[in-house]
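Sequence lines, in order, name chains A and B. Residues 1 to 293, numbered by the working numbering, are exactly what the first sequence covers, in order. Residues 294 to 410, numbered by the working numbering, are exactly what the second sequence covers, in order.
Certain hints may be false.
Stated by the list, open to error - Stretch-level coverage of chain B by chain A, calculated; a stretch enters the list once three of its residues show a Cβ under 8 angstroms from a Cβ in chain A:
id : stretch
1  : 304-316
2  : 340-350
3  : 370-381
As the list claims (entries may be wrong) - From chain B, some residues computed to sit far from chain A (all C-beta separations above 10 angstroms):
id : residue
4  : 331
5  : 334
6  : 337
7  : 354
Bear in mind the hints are in silico, worked out from the structure with no lab data behind them. Every residue gets a Cβ at the ideal spot worked out from N, C-alpha and C, and that includes glycine.
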Amino acid sequence: MKRIPWDIVLALLAGLGLGLVYSWMISPPRIVDAEPVALRADFKDQYRSAVAAAYNATGNRPRARARLSLLGDADPVEALNAQAQRMLASSAGGVSGEQFGHADQVAALALALDDDPDHALISTPTAEIINNAGNISTATSPPPPPDVPIALTETPEIIETQSTIIVGAVTPRPTRTSVPTLGAPFALTGQESLCDSNLPDGLLQVLVLNSNRRQLAGVEVVVTWDGGKEQFFTGLKTELGNGYADYIMTPEVTYAIQLARGSDVALGIVAPTCQTSSGETFFGGIKLTFQQP
Amino acid sequence: MTTNRSRWVFIILALIAGVGIGLAYGWVFDPVDFFDLTPDTLRTDYKADYVLMTAEAYRVEQDPGLAARRLAIFGTQSPAAIAAEGLDYARANGFSDADVTLMQELVTALQAWSGIR
């Protein structure tokens, strides 16, 4: 019987190990042609900001949706809302005042996509991809790269009411829409006095919801009173909800509260006088709810 | 003696073959999965689309400094050069005239802005 050449087998295995160590750890292949989904989290944030800025300029929602889908977020709207909160938080910390404007763009894009009846299509857009050779294929994920002509099989805010196939090498620029709209003005749907001695005196709580009752981050709330005005934003206290914001009212001062984007005005807001069970008085709070109709 | 030497030759050949197989497997058949990448590794068409996004925003914002900061994520090249590369790609790959015009405006603005700085 022929003896197994163990020394040769061991040499082969040792060589295999050395080759794998070198190719996986010491000198992995140079990274080129990466896709946005593989970007580091902070670069993904910058990518989203750029998408939001472009959307703010063009109002092209299908294009913004296609671009966001490249990042592979499970829920792009949630990702945008979370980013808007992070940007507002870092701005509030004095990192960059410029981020207020960018956060507003990101929040506006989230709002626009959330209001989109085809919101469900965001994470897995279906598109017919037509390459220059005329081959047609249907993809659900990942979406086509930007230079590939696409025909979105959806009809949000596009004049055409049926699928359109764009033949030829053009970029995905479905239609130029008019100036972006942020939806209908918010209505004041709730106003209640809160007498809870555990809460800070004169606490004004504001909750902002969209038409689907989803909380909205990054919404500017404007508080005015006789001789003064202040602004604050929803979403800075994520533990209390994306659409939550609060403000401490001075007792016996009358306030008017509205949203900067346009809303009903809550007039005559004064911290109510409350009483504990032991008869002590304290100033309670007010809770206002704004919602898009 | 001769048998011993040929044995060593076989061992070295086996070692080299093993290294070759390992390299082929690690580089070609099952390369390392990368994540947390930087934007300079993006495919050219994605870079061009990012330049287009910046150009779309620039059309409204008219702030070359802000556009330059957006493009700075691509690394060491100047913003004007990055935008120019995107424009070249757009022209070579049949982007629409409107997109090419936007990118051209951005390139021109960034070149002027670089000169001012």
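Tested hints:
For the stretch 304-316 of chain B, the assignment as covered by chain A holds, since 12 residues bring a beta-carbon within under 8 angstroms of that chain's beta-carbons and 3 suffice. Figure legend: the stretch 340-350 of chain B, annotated as covered by chain A; annotation consistent (8 residues with Cβ-Cβ distances under 8 angstroms, at least 3 required). Against chain A, the stretch 370-381 of chain B contributes 0 residues with a C-beta closer than 8 angstroms to a partner C-beta. That does not satisfy the three-residue criterion, and the hint is violated. The beta carbon of residue 331(B) sits about 7 angstroms from the closest Cβ of chain A, which is not more than 10 angstroms, so the claim that it is off the interface is violated.
Against the 10 angstroms criterion, residue 334(B) falls within the reach of chain A, whose nearest CB is about 4 angstroms from its own CB. A cut-off of 10 angstroms between C-beta atoms contradicts the statement that residue 337(B) is not in contact with chain A; the least separation is 8 angstroms. Consistency note on residue 354(B): stated as away from chain A, yet its beta-carbon is not over 10 angstroms from all of that chain's, at 7 angstroms minimum.
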